[in-house]
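> Residue numbers for the sequence shown follow the working numbering, so the first one is 50 and each next one is one higher.
Keep in mind that the hints were calculated from the coordinates and are not lab data. This one's a predicted model, so the numbers in the text were calculated from it and none came from an experiment. All C-beta atoms in this analysis are idealised placements derived from N, C-alpha and C, irrespective of residue type, glycine included. Treat the hints with caution; some may be incorrect.
Pairs of lysine-lysine residues, derived as BS3-like cross-links and limited to a Cα-Cα distance of at most 25 angstroms, are as follows [to be verified]:
#, residue 1, residue 2
1, K129, K391
2, K391, K322
3, K123, K250
4, K366, K93
5, K177, K152
6, K156, K177
7, K133, K322
8, K148, K322
9, K140, K391
10, K133, K366
11, K133, K148
12, K164, K177
13, K93, K103
14, K366, K123
15, K93, K140
16, K177, K140
What follows is a list of derived Cβ distance ranges for each label pair [to be verified]:
#, residue 1, residue 2, range
17, R205, K290, 13 to 23 angstroms
18, D327, S276, 36 to 46 angstroms
19, D187, D120, 46 to 56 angstroms
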Amino acid sequence: MSDYNEHEMYLKRVLSNSIGSQNPSENAKNRARKLSNSYFMDYKENLLMDYEGKQLDDIDNSSVVSTSFGDTLKISQTEKIDFKITDNNFKSQINNNLKLLPKIGLKTEQNLKNKGYTTIESLTRHDKYGDSASKFLDNIDGLSFRQIVDLLDNNRYSKKCRDNILRSISLTDRENFKFMDIETLGLSNVPIILIGVAEIKGNEIISSQYFLRDIYEEPAVIEAYLSHLDEDSVHVTFNGKSFDVPYIKNRCLSNRLSADLNLAHLDLMYFAKNLWKDDLPNCQLQTIEREIFGIEREGDVPGQYIPDYYNTYLAEKNIGPIVPIIEHNRQDIVSLASFLEKMYEDVN
50 MSDYNEHEMY LKRVLSNSIG SQNPSENAKN RARKLSNSYF MDYKENLLMD
100 YEGKQLDDID NSSVVSTSFG DTLKISQTEK IDFKITDNNF KSQINNNLKL
150 LPKIGLKTEQ NLKNKGYTTI ESLTRHDKYG DSASKFLDNI DGLSFRQIVD
200 LLDNNRYSKK CRDNILRSIS LTDRENFKFM DIETLGLSNV PIILIGVAEI
250 KGNEIISSQY FLRDIYEEPA VIEAYLSHLD EDSVHVTFNG KSFDVPYIKN
300 RCLSNRLSAD LNLAHLDLMY FAKNLWKDDL PNCQLQTIER EIFGIEREGD
350 VPGQYIPDYY NTYLAEKNIG PIVPIIEHNR QDIVSLASFL EKMYEDVN
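Start from the sequences and build out the full structure, keeping to the hints where you can.
Laid out in structure tokens, this is it:
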């Protein structure tokens, strides 16, 4: 078969996966059906029938927990995980990045390295940059992980050196990672209905989800989440810098809750675009799951339907519509751990 014919067959196969093609495949038809509004309305009705008479305490691994703002529902799940962040001697890598010093850019760094100044330590002998190099090295050992991430993130060349932030995670304990995601009743100034956080303990990943049983429990849901955080915690999210963390801050203000959420933050959406944009059709979380990890979700509810499903739960006193929301959130936070480990492997 000629190269032309092979290419033509390849194009037909690719195009058949689009519902807009002349002869879409059955898989393309099924995907389009599952994205339709009617599909999710039918799915909700089936859930109402399947879970009729069931109560919140029928949800596996659920329990009621107390906070200073009252009780809320917690759903916990423990899974095995093989999560490794091998040592990469990152402090040495920092020493090689001359651009971390003031007034050193890409061209100046290259000129200095051509003259034999290959590390910040070697620059301590330089007439112009010696003082700033010495000051940097005196301070670096005393910096917390959050301060190091801020140093790398705020550098004007951070977009060109974004991999360094991923490499830096070898400097913190993996138990500090808080893989987090929220579900809300809308995009702004409405309650959070679910907060999920996953944490690594030994060879297990433990997910804790706090669910808004009724609209008045939001302060308890937020405080239950905050109990997982301390000054060493590292938020790991997907678009959480733009959405999740600012949203929680806003809801803390609305509920008069005091919270320090200015923690080290790894937003994996930006790293995904930097690492994988040329290999994927898009960098959405579920696309990464499917294309890189081979995970195909079943029975998932997209975010735009979550408010309607939750409101139906309240109106019908039926837990059916919120069961897939809880599973959607749990899968999101557990996937973040796999994403982070894979990203760390790729940049090292």
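> With reference to the structure, classify each hint as holding or not holding.
Each hint, compared with the structure:
This hinted pair checks out: K129 and K391 have alpha carbons roughly 17 angstroms apart, not beyond 25 angstroms. Annotation: proposed proximity of K391 to K322 holds, straight-line Cα distance about 14 angstroms (limit 25 angstroms). At most 25 angstroms may separate the alpha-carbon atoms for a hinted pair to count; K123 and K250 meet this at roughly 18 angstroms. Taking the CA atoms of K366 and K93, the gap is near 14 angstroms; set against the 25 angstroms cutoff, the hint holds.
As the CA atoms of K177 and K152 are separated by approximately 10 angstroms, the hinted pair is consistent with the 25 angstroms bound. A hinted pair counts as satisfied when its Cα atoms are at most 25 angstroms apart, and K156 with K177 qualifies at roughly 16 angstroms. For the hint pairing K133 with K322, the CA-to-CA distance comes to about 23 angstroms; that is within 25 angstroms, so the pair holds. For the hint linking K148 to K322, the alpha-carbon distance of about 23 angstroms falls within 25 angstroms, and the restraint holds.
Pair hint K140 plus K391 holds up; C-alpha atoms about 21 angstroms apart against a cutoff of 25 angstroms. With a C-alpha separation of about 43 angstroms, the suggested pairing of K133 with K366 is violated against the 25 angstroms cut-off. With a CA separation close to 29 angstroms, the supplied pair K133 and K148 exceeds the 25 angstroms bound. For the proposed pair K164 and K177, the alpha carbon gap of about 14 angstroms is at most 25 angstroms, so the pair holds.
Only pairs whose Cα atoms come within 25 angstroms are accepted, and K93 paired with K103 is accepted, the gap being roughly 15 angstroms. For the hint pairing K366 with K123, the CA-to-CA distance comes to about 18 angstroms; that is within 25 angstroms, so the pair holds. Proximity of K93 to K140 is assessed by CA-CA distance (about 52 angstroms); at most 25 angstroms being required, the pair is judged violated. With a C-alpha separation of about 23 angstroms, the suggested pair K177 and K140 falls inside the 25 angstroms cut-off, and the hint holds.
Remark: the range hint 13 to 23 angstroms for R205 to K290 is upheld by a beta-carbon distance near 18 angstroms. In this structure, D327 and S276 meet the distance hint of 36 to 46 angstroms, their C-beta atoms being roughly 41 angstroms apart. Separation of D187 from D120 is about 50 angstroms and conforms to the stated range, judged on CB atoms against 46 to 56 angstroms.
Comparing the model with each earlier hint shows violations of hints 10, 11 and 15; every other hint is respected.
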